[in-house]
Structures are given as C-alpha cells and as structure tokens.
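Enquirer: So you can see what is in the structure, the chains are spelled out below.
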Amino acid sequence: MISIIELYVFVLAAFVGYQVITRVPPLLHTPLMSATNAISAISLVGSLVLAGANHDTVSNWLGFVAVTAASINVVGGFLITDRMLKMFKREPKQAAPALEKGKEKGGAAR
Amino acid sequence: MSARELLIEAIYLASSVLFILGLKSLTHPDKARLGMQQAALGMVLAIVGTMFHHEIIRFDFIAVALILGTVIGYPLGMFVPMTAMPQRIAISHMFGALAATLVGIAEYRINQHGLPRSTMAALGFEVLFGALTVTGSFMAFGKLQEFITGRPVTYRGQNTVNITLFGVAIAMFLYLIFRPETSIVFYAMIGLALMLGVFMVLPIGGADMPVVVSLLNSYAGLASSATGFAIQNNVLIICGALDGASGFLLSILMSKAMNRSFGNVLFGAFGSPPALVPGAEARDLTVRSVTPEDAAIRMAYAGEVIVVPGYGMAVAQAQHVVRELADLLEKRGVTVKYAIHPVAGRMPGHMNVLLAEANVPYDRLYDMEEINSEFPQADVALVIGANDVVNPAARSDPSSPIFGMPILDVDKAKGVIVLKRSMNPGFAGIENHLFYAPNTSMLFGDAKSSLTRLVTEVKAV
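Protein chains in written order, with the numbering used here: chain A, 1 to 110; chain B, 111 to 571.
Isolated chain A, as found in the complex (with noise of 0.2 Å):
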C-alpha cells in the first residue's frame, strides 16, 4: 500500500527539483542533463535488491541486468558530467568584472 507520505514526497521533491533547475543557466545544459541522469541511476538501489533477493531465477537475471543498465548511467553519468565540468573555463585575465558579474546574478535570484 502507498502512503500518502510517499506523495508528499515526490511533490515537494519535485518542486524542489523545478526551483533548482529554473536557476541552472543555459551554459550548463547539457550538463544538467547529464547530472540528471547520473543521479536518477539511483534505481539501481531497487536493482541491487532485485538481483541479491533471490526470489527465482527469472527475477535474478531481471536485477541482473536492471543493475547493469543502472551502473553504466552511474558510472558514465558521473565521470562525463564531470569531463564536461571540467572544461568550463573563465578567461584568466577577464575574471574580476566576470566574478561581479556572476555575483550580481545571483543576489537577484535570491
């Protein structure tokens, strides 16, 4: 049976989500996108108590692969995100009005 808790849950997380995500600039989409992924590769906590419940055959071999296909978003939604992190770079010799910039944008968010 659900509870009415779990509805809490996922409305206000979802709300939280919008709220975040409104903020994200479109600089960062892609990774956004990525980061999104890599983070909703969380099923792999159902997969991994799927494949180690040992219910029947069937069912271990469908957590098998929900476990693998959960792992590979996490394993290759983490490290890309962070490749792309990676490369996004202010100019050296621009940085302070850049810095004040960023500063202003953000007072205004708030």
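Possibly wrong hints are sitting among the right ones.
[To be verified] With beta-carbon atoms standing in for the labels, derived distance ranges:
hint : chain 1 : residue 1 : chain 2 : residue 2 : range
1    : A       : Leu7      : B       : His163    : 22 to 30 Å
2    : B       : Ser506    : A       : Leu7      : 43 to 51 Å
3    : A       : Asn54     : B       : Tyr285    : 25 to 33 Å
4    : A       : Pro92     : B       : Val271    : 53 to 61 Å
5    : A       : Thr57     : B       : Asn269    : 15 to 23 Å
6    : A       : Lys89     : B       : Asp477    : 45 to 53 Å
If you're looking for bench data, these hints aren't it; they were derived computationally from the structure.
Ideal Cβ placement from N, Cα and C applies to all residues, glycine included.
Given chain A, work out where chain B should sit, using these hints.
Expert: For chain B alone, kept in the frame of chain A given last:
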C-alpha cells in the same frame, strides 16, 4: 523500524541532500564540478547503504552486474567525444528506463497476486513510461547516430494511429488497476508501450531532437520515481522527481525557443514537418558570395565580431578552428563574442559544450537575450552552419512556419558572413531571407575548410 532499516534510511536521506546540493551547484560553472563530485559521493553512499538491506542474501549477481556496468560505463563516460554528446545522452535515458522497467516487471511477477491498487498503479505507470522511453530513446539515439534517417518519417493518419495506441495502453493500465492479476494485459501493455516509443520518435526530425531528448529525460525520471512508489523507497522517489522536473523544464524551455506550444510537446505531435514554403520570390533575389580573402580582411579590421554557431559547426567538428580564428582576431584587437540560441544543435546546451571543449572561456558565450541588443554594434556576424535560428522571417513573416520563434537578430549587424555548404534550404525546408539581405555575404563550402582558409587569410593580413 529496526536499527538496520533506520541506518539505511539515514544514508538515503544523506544521499538525497547531496544530490540536491549537487544540482544546486550547477547554477554556477565555478562550483559545479565540486558539487557534482559530492553528488557522486551521495551515490556511493546509497549503493553501500543498500547492501545492508535485509532482503539481499546473495551477492554473485550483484557483483558481476556492477563490474559489467562499470566496464561498459567507463568508456561511455571517458572516451565519447563531445560532438557525440546528444546520442550519448539519448542512450543513457534508455539504460535508466530499462532498469526501471525491469524492476517493475520483476516486482509484478513476485507480488502479482494480492497487489494493492495503489502499488499496481505505480507499477503500471513505471513500466508504461519506462518501456516507452526505452524504445523512444533508442530511436532518438539511432537518429542522432544516423543509422536511422534523421528526416521525419511520416504517413497518413500517423497521429490518429499514435493517439489510438496510446489510448489503448492507458485503457489497459486502468484495467490493471482494478484487475492486477491479469498478467496477459500487463505484458501486452509493455509490448504496446515499446511500440509507442518507436512510433512516437519516428516522425521527429533531427532539428526537433532537443525537445525529444528533454522529454525522454523527463519520462525516464518519472519512471524511476514510480519505481520508488512501487517499492516504497523515498530516495528513488526524490531522484526520479528531480530528473522528471529537470527534463520537464528543459522541454518547456526548448519548445518555447522553437515557438511550439506546450500541448504540442506533451502529446509528441511536434514531429509533423512544416509545409515546404515555395521559394518562388527568392529566385529573383541575388546572393552575394564572398572569397575567404575578403571575408578575412573584413573580420581582421572589425571592431567587434559575433560568432553564431549552429548544428553545422558540430557536424563539421569546426569548434577548434573557430577558436583558432577567434584567437587571431583577438590578437589584432577585435572583440569576439559567441551568440548561442537555446535550440542551436541537437540538445540543450550543445553549442556551449562544444565551444568549452575548444577552450573558449565561458564568459564569452552569450545567451540569446543577452546578445540580441548587441548585434547592431557588431561589424561582422559570422554565422557558422546555423539557419532557422537566424531566419528573420520568424520576426516579420506571419505565413512562415517558424513565425514567432525567438531568433538571434543577426540581420541587424552591420555585416553578416554566412558559412554554408550550399544554397539548399535548411532542415525545415524554409527559405531564409537573411541569405539574400544586402548586408549578407555567403562563403560557400564545408564549415571546417572555410574556417581553415579564413585562419590562413587572417594570418596573411
């Protein structure tokens, strides 16, 4: 709640917080990397915590699958080139949805008799959206990787067929909520959802991919969230909701940037290609082509050059040459900026990633709203393989299929140089009057070789 369950829940809570902080860090490029590393730590915590779960009694399947996943995932993370990022993202949605769907199927098999309706609803939603995302993402991957034609595949009554199939799938879903034990309906629904995924993406062309990829991102997240409901796991619900919200938001942003309605996005009807606009009047217009020498001189003596990259730059893998040209111009005292349209390329943020890969500092990349007012001051707007996103018809011609779409006001620049392979109209088949404007010069040829010529010529100036 036993001490062990409490420990697992506490670990999951910590992971959830780390994930949200990780996403929050993405609001600024300087903090993003550290934040995402913390999120990765959250993931490791969650995996380790799960191992304490009392139902886990054998570790052989888990160990082999984790190793296999790592072996496949590592090259997907480390060696896929940035130009292949759209298809890489599309295939990862498939893996995520596949995991959710399989868990859903197994849960159904194990608890088939005596499933409460609410759990059945969650399971049904999970496999319906999961299965649809598996094949849909695979199709998107195929189109982006170009082993399936990137052109829209359409036939008469396509929308009717798709809507009917979707209606039948929903009817099966509702039936299952009241009769959870009818497994034939359950598996038929999965089959139907798998077909739907294919049919949904088939009519969608390459240029519309940013919306599709975002939408599939959202579906994959929602399927994960439904898994959380079905197995009563809060961290899954939270992460699925975050992913769902992110994909949802991106698809809204992308559809706005293409001036398509939100309903259009939800029902996947955005594939219908716009009717080909006859370019009859265009034939009377003249096109001015320019030699690389002249183009180089104009840029070398300009005060400000705005580079407008499009999918053509990605196809030609020309981002490094663009950077080289910009460096040369900057050495001569020219200000170089980059104008990025939200749907330039094949996924949200595609151009930004490519230019960042070519070491262009991110403070030189400007969003559409930031840069549009600057075009009148620019001496040269250099359009590299972009077409619809710079078509002035979107502003001025109500009969144009893209009328109302926000565009980069390239035509307002003092001079425009367009790098283009030929005069063929772009993907959507819409005539672009920018190419015939008196202040526009065309430099024909492959973007990369044209740029290489420009680099040589600027050096010679």
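Enquirer: Compare the structure with each hint and give your call.
Expert: To see whether the hints hold, each was checked on the structure:
no.	hint	in the structure
1	A:Leu7 with B:His163: 22 to 30 Å	holds (24 Å)
2	B:Ser506 with A:Leu7: 43 to 51 Å	holds (49 Å)
3	A:Asn54 with B:Tyr285: 25 to 33 Å	holds (32 Å)
4	A:Pro92 with B:Val271: 53 to 61 Å	holds (57 Å)
5	A:Thr57 with B:Asn269: 15 to 23 Å	violated (43 Å)
6	A:Lys89 with B:Asp477: 45 to 53 Å	violated (18 Å)
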